[in-house]
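Student: Whole structure, please, built from the sequences with the hints as guidance.
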Amino acid sequence: MIAEFNPLHHGHVYAMQQARALGHADVVVVAMAGNYVQRGEPAIVDKWARTQAALAAGADVVVELPISATVQSAPQFATGGVQLLAALGVTQLAFGSEDPTVDYAALAAKLATHQVAPTTFTDYTQTYATQLNQAVAQVTGAPLSGPNLLLGLSYAQANLAAGSPLTLLPFGRVGAGHDAPAAGVTASASAVRQAIAAGEPITQWVPAPSAAQLAANRHQTWADFYPWLRYRLLTADLAELRTIAGMSEGLEYRLTQHIAASHDFPDFLRRIKSKRYTYARLRRLCLAVTLNLTNASVAAAQAQPFIHVLGFTAAGQAYLHGVKKTVAWPLVTRVSAAMLAPGGLLAPQQPGEHLIETLTGRSQNYGRVPVRAESGGSSC
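For any residue, its number in my numbering is found by taking its place in the sequence shown, counting from 1, and adding 803.
Since the hints were derived computationally from the structure, they do not count as laboratory data.
Please note that a few of the clues may not be correct.
Claimed, not checked - Computed Cβ-Cβ distance ranges for the label pairs, DEER-style:
(1) Ser1077 - Arg1045: 15 to 21 Å
(2) His1157 - Ala1018: 24 to 30 Å
(3) Pro1004 - Val942: 43 to 49 Å
(4) Gly1170 - Val942: 46 to 52 Å
(5) Gly892 - Thr1161: 33 to 39 Å
(6) Pro1004 - Asn1098: 42 to 48 Å
(7) Lys1076 - Ala1131: 39 to 45 Å
(8) Ser1139 - Arg1073: 42 to 48 Å
Since we're looking at a predicted model, the values are computed, not measured.
Quick reminder that beta carbons are idealized off the backbone N, C-alpha and C, glycines included.
Tutor: Below is the structure:
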């Protein structure tokens, strides 16, 4: 699976149960976003807390999907996850879908024969995502309006580009959908985060281990990061901002023009929003500015991929032992100082990790070892 668990809720428990059942799997391996997620914000609690919750809820191995893949649009996010799982010897990818009957592999193959590229999208009154969805529907004949349908297609395209190392296993979602209100005992991660922010109870929507981690760990939000973003935009010159990953079409001017008058991050987002850009796109760009995530650092990370093991059960440890001699990338279970030094495997990650460390007071890489759990579970 590829996931964020931000935070882990009952829908994620169901997803891992489906992954195990559909794949007749001995172990469930999860490529989990580290401390930053695809919607362009810090994960609510750090990667170690979310790993503990995941292992208690049914995962056997949790490996980190690095920031070079997570703070990206859906195609790059999917590519990072697919390549990471394939490098670890995983052979199947399970994911939730609004319509699990869709043949994602066939759609990806059909799209591969057509030119669907960002340079063809010239309607500046619509977002890139909207124009992409329209182009996909025109080519395939299949309207893919649901967020998980589109993410599933991104997984299929990434898998096809990698030589199809993974068998795709879509399954039907249950309960509340992406960004939807809670429905019974299920709620989207967004709804859970909103309830937490409002001080409302969440125990009906998250398994006990996840609730425990949320109660025991500091929560990170954009309110923590906004002063750093403001400082960066007020002090960096335009040439420096142009090196930031995702900066294009003169957005550096838009950001620097509006930052001084903005009161907080939501206010800033409202000021820079236009029909051309989604809020998620703008949040990712702001996060890249805050963390100084440049095109060069992303390229460096992609040039030396690695597998950072965050946690495992006994079954997961046995799996890792069995594949450690054949994995395609370096397998990291303890982060050394050399790995964090300039040019080291994890060096591109460090700016983002330093900020989380500043907020939490806990190391995020150096000296940390994988979380160990006796066995996977499905505590609800």
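Student: The structure should be examined with respect to each hint, and the outcome stated for every one.
Tutor: Hints versus structure:
1. Ser1077 - Arg1045: 15 to 21 Å: At roughly 19 Å between Cβ atoms, Arg1045 and Ser1077 fall inside 15 to 21 Å, so the hint holds.
2. His1157 - Ala1018: 24 to 30 Å: holds, 26 Å
3. Pro1004 - Val942: 43 to 49 Å: holds, 46 Å
4. Gly1170 - Val942: 46 to 52 Å: With a Cβ separation near 50 Å, Gly1170 and Val942 satisfy 46 to 52 Å, so the hint holds.
5. Gly892 - Thr1161: 33 to 39 Å: holds, 36 Å
6. Pro1004 - Asn1098: 42 to 48 Å: holds, 44 Å
7. Lys1076 - Ala1131: 39 to 45 Å: holds, 41 Å
8. Ser1139 - Arg1073: 42 to 48 Å: holds, 44 Å
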